[in-house]
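Given the coordinates of chain A, assemble chain B onto it according to the supplied hints.
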Amino acid sequence: AQSVSQHNHHVILSEAASLELGCNYSYGGTVNLFWYVQYPGQHLQLLLKYFSGDPLVKGIKGFEAEFIKSKFSFNLRKPSVQWSDTAEYFCAVISSGNTGKLIFGQGTTLQVKP
Amino acid sequence: SQTIHQWPATLVQPVGSPLSLECTVEGTSNPNLYWYRQAAGRGLQLLFYSVGIGQISSEVPQNLSASRPQDRQFILSSKKLLLSDSGFYLCATRDMINYGYTFGSGTRLTVV
Chain A
1 AQSVSQHNHH
11 VILSEAASLE
21 LGCNYSYGGT
31 VNLFWYVQYP
41 GQHLQLLLKY
51 FSGDPLVKGI
61 KGFEAEFIKS
71 KFSFNLRKPS
81 VQWSDTAEYF
91 CAVISSGNTG
101 KLIFGQGTTL
111 QVKP
Chain B
1 SQTIHQWPAT
11 LVQPVGSPLS
21 LECTVEGTSN
31 PNLYWYRQAA
41 GRGLQLLFYS
51 VGIGQISSEV
61 PQNLSASRPQ
71 DRQFILSSKK
81 LLLSDSGFYL
91 CATRDMINYG
101 YTFGSGTRLT
111 VV
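Respectively, the protein sequence lines represent chains A and B. The numbers in this note's numbering rise by one with no breaks, and the one at position 82 of the first sequence is 82. The numbers in this note's numbering rise by one with no breaks, and the one at position 9 of the second sequence is 9.
Chain A extracted, bound-state conformation (with noise of 0.2 Å):
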């Protein structure tokens, strides 16, 4: 079965520092990959995706990701973080058939110290 896999549960960061965040994927066939965010008391909202074509993605306020077939890797990234993105942030992907099931990472939340 597909999982997602968040290897940082909880991460602490000053403003301005540079944010990676860790995502692998069990899958060996086409993925469709995805980062929310979920900040306190609001909805999820998607960050960005990879579907094909260039493995480096870039989303909203900032955010990207690389996708990295041989690693089965899809890595969160933002040069310069702020105190606003304090928040939870998830890796999914979607498995295979017409199901379309988001599979989600245990999440990672985190937090920035002004």
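Derived by calculation from the structure, the hints in this document are not laboratory data. Among these hints, one or two may not hold up.
[Claimed, not checked] Listed next, the in silico SDA-like pairs over lysine to any residue satisfying Cα-Cα at most 25 Å (straight line):
no. : chain 1 : residue 1 : chain 2 : residue 2
1   : A       : K71       : A       : G59
2   : A       : K49       : A       : A17
3   : A       : K58       : A       : K71
4   : A       : K49       : B       : L46
5   : A       : K101      : B       : G16
6   : A       : K69       : B       : G52
7   : A       : K101      : B       : Q55
8   : A       : K113      : A       : P40
9   : A       : K49       : B       : S67
10  : A       : K101      : B       : G52
11  : A       : K101      : B       : T28
12  : A       : K101      : B       : G87
Structure of chain B alone, referenced to chain A:
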């Protein structure tokens, strides 16, 4: 665009009581629908999905059940709640054009 309505937003229920959470979708027809649970300190776990009326697939064994009585209605139920059923429940649908997901605002369930 698709919109998901979920209610209630917050629910406190005693152990052993029944549960019914409702989710309705607007702006699409014949959607794939999903119920997720986010328990404290854990990620989002897929509980059920449905590809059509009356079609329910369960992803994990549990005390909950789901039903899809209408095309755009998805219900999560339990006959007798357990403490371990506490969590944040999210309904979602898939955007078959953009392949993204739309999520509802969620229901925070506390079983006491």
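Legend entry - Hint consistency between A:K101 and B:Q55 [alpha-carbon to alpha-carbon, up to 25 Å]: holds (15 Å)
Inset, instruction - Mind checking the alpha carbons of A:K101 and B:G52 for me, to see if they're no more than 25 Å apart? - result: Cα-Cα ~14 Å, so holds.
Legend entry - Proposed proximity, B:S67 with A:K49 (alpha carbon, max 25 Å): Distance ~30 Å between A:K49 and B:S67 Cα, so the pair is violated.
Inset, instruction - Mind checking the alpha carbons of A:K58 and A:K71 for me, to see if they're no more than 25 Å apart? - result: holds (20 Å)
Inset, instruction - Below or equal to 25 Å on CA atoms is what counts here, so check A:K71 against A:G59. - result: holds (21 Å)
Inset, instruction - Below or equal to 25 Å on CA atoms is what counts here, so check A:K101 against B:G16. - result: violated (31 Å)
Inset, instruction - Given the hint that A:K49 pairs with A:A17, test it: the Cα-Cα distance must not exceed 25 Å. - result: Judged against 25 Å, a Cα distance of about 24 Å means the pair holds.
Legend entry - Hint consistency between A:K113 and A:P40 [alpha-carbon to alpha-carbon, up to 25 Å]: Distance of about 15 Å is within 25 Å: holds.
Inset, instruction - Compare the distance between the alpha carbons of A:K101 and B:T28 with 25 Å, and conclude whether the hinted pair is satisfied. - result: Holds: A:K101 and B:T28 sit about 18 Å apart, inside 25 Å.
Inset, instruction - Sort out whether B:G52 lies within 25 Å of A:K69, counting only the CA atoms. - result: Outside the cut-off at roughly 33 Å; violated.
Legend entry - Pairwise hint evaluation, B:G87 against A:K101, where the allowed Cα distance is 25 Å at most: With Cα atoms ~20 Å apart, A:K101 and B:G87 stay inside 25 Å; holds.
Inset, instruction - Please work out if A:K49 and B:L46 have their alpha carbons no farther apart than 25 Å. - result: Holds, at about 19 Å.
The structure fails hints 5, 6 and 9 (numbered hints given earlier, in ascending order).
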